[in-house]
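Starting from the given sequences, assemble the full structure and let the hints guide the process.
As given, the protein sequences belong to chains A and B, one line each in that order.
End of the first sequence sits at 341 in the working numbering; the numbers just go up one at a time, nothing left out.
End of the second sequence sits at 341 in the working numbering; the numbers just go up one at a time, nothing left out.
Since the hints were derived computationally from the structure, they do not count as laboratory data.
Any given hint might turn out to be false.
[As the list claims (entries may be wrong)] Label-pair distances were calculated between CB atoms; the ranges are: (1) A58/A with D314/B: 39 to 45 angstroms; (2) G301/B with A58/A: 46 to 52 angstroms; (3) G147/B with I117/A: 40 to 46 angstroms.
From the three backbone atoms N, C-alpha and C, an ideal C-beta is built for every residue, glycine too.
Protein chains: 2
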Amino acid sequence: MAQGKRIVLASRPVGEPKASDFRIENCPIPTPGPGQALLRTIWLSLDPYMRGRMSDAPSYAAPVPIGGVMEGGTVSEVIASNNPAFAKGDVVLSRAGWQTHALSDGQGLTKIDPKIAPVSTAVGVLGMPGMTAYTGLLEIGKPQPGETLVVAAASGAVGSAVGQIAKIKGARAVGVAGGKDKCDYVKNELGFDDCLDHRDPELAAKLREACPKGIDVYFENVGGAVFEAVFPLLNPFARVPVCGLIAHYNDTDAKPPKWAASMMRAVLTKRLAIRGFIVSDFAARRADFLREMSGWVREGKVKYKEFVTEGLDSAPAAFIGLLKGANFGKQLVRVGPDRQ
Amino acid sequence: MAQGKRIVLASRPVGEPKASDFRIENCPIPTPGPGQALLRTIWLSLDPYMRGRMSDAPSYAAPVPIGGVMEGGTVSEVIASNNPAFAKGDVVLSRAGWQTHALSDGQGLTKIDPKIAPVSTAVGVLGMPGMTAYTGLLEIGKPQPGETLVVAAASGAVGSAVGQIAKIKGARAVGVAGGKDKCDYVKNELGFDDCLDHRDPELAAKLREACPKGIDVYFENVGGAVFEAVFPLLNPFARVPVCGLIAHYNDTDAKPPKWAASMMRAVLTKRLAIRGFIVSDFAARRADFLREMSGWVREGKVKYKEFVTEGLDSAPAAFIGLLKGANFGKQLVRVGPDRQ
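Written as structure tokens, this is what we have:
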């Protein structure tokens, strides 16, 4: 019987995930039953939210069980099908997880048209990260012409789209990213007005200089030192969509951050709006997102960068690196070829 | 020359305001110049926000200068007028402050119709506190039928209106107040579903019992122990309008509260919306507020209670008491008779 491979959660990480928290298993490639399609993974998307699924702390989604296949969005090819809605050769967006093959009853599968854009964008700029940027920014952040937006992880899948959409809406976009190469890319390629290195010990002072009129929208995807630098610069009526806190995902202690003592006072006196969201909260905006975002990508108004590691086995190390900002662009794992 | 009286800010309080932070001064009653009206104060409203005006920490409004008359809303009678818009005998809503008499050029004065309701309601249920409750609850809190709302200072001017409006909107209203008498009043007179004593050492556990389906709207006007008890009970998609933090107004240290470490994580995983506001942010809703609220008051759906101290001299002690919850209902100072 042909062999496939899968990566399961071996243990719940304490702090930073380690390679030993994952286990690579060989397994038989399953045979589709009635109504089922067999999928072969082409691209596996790695995203920071997966750190939450490895933990059993209460969250908006159930954790991956110990021994369970790690969750994740994939771009997959249908290689056999007993489901009339999907034909052999179809390329689909799936939540097949960290494995080479998966069965699907068709629920939650979406066909991808390879003519519109490279199929990998279905888990990137035209997928979950792009839609996270689009909905959080436009539904909560609501940047207005002349306002200032700040976003961290600005060269990443979400942050890069956030800043570029803010620019389209007429706002000033200031990014924060890790290191000179990323900052240069964010400024020179993506067209942000400025980009600061979060490792700079003078981050707070430099951010103040880069935002002479204060900050009207802070798209929160990291927390930590960036939020501390941002917080005093927030203008009255600033909006803070919160979609991630990557700087804290590996936290093991629970010391209150420095800003916390004054946080609610600032919420009151500055009339701040702080609101958490996940992309599925705005599922109703999917058609708008796809129409607008694919238009912007086509017109070159929204650019994206992919950071690819090769082979399913590379996923654990790539994911551990992602949480440290070792990626430069949307983190993808090339699990199989586009066409067999 | 006839003598009036005023209360000025003698010094900026450190922590709790003391009587010596105020100074009572005699002063001549002024004579109105061209275009001016002379006002005689009938009612002075005392409200927690005034603690903020005594401090020079950055806020949404400038502080009262040392030696300046304490700010405050009043119901006043026009006793002389060189302004064609206001006639002797008119009763007006004014921001005349803590004094027996004031000049006005007519800016910001609003005539009060004494036939609609007792004129004192213009600084209470039909005034700033009522409109704070109405706008914050309906514009940010948005209680839905069957949802659970919690509000502290539930027998006070804002809290009492918040809970009653939530009931009108079909929500379950749970109050928090200081002591058995207030709690009984909130339950039996105002019709809240429950009311808990914030001094109860078992507050957190009792709140959990009183909110078996969690909390969907927390109208934040106190902070402190109530917020700590509320925070873990907030449901996904809960809304937290923040209009006051009375428990913290006298804070002199800035120790991060216990909940702060997990706050942003909860914002993210529960998709909370936390938003500060002050009543003037929703000035455009004033006509709606007056129409709806006066209707509810007339129909007995919104009840209110006034807590009156006699004479301008009583204002400092009454205000110090207000910050400690010594009042029972809307705190008013009777500065002069309804009619001279």
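Problem set entry | Violations among the numbered hints, reported as their numbers in ascending order | Of the numbered hints given earlier, the structure breaks just one, which is hint 1.
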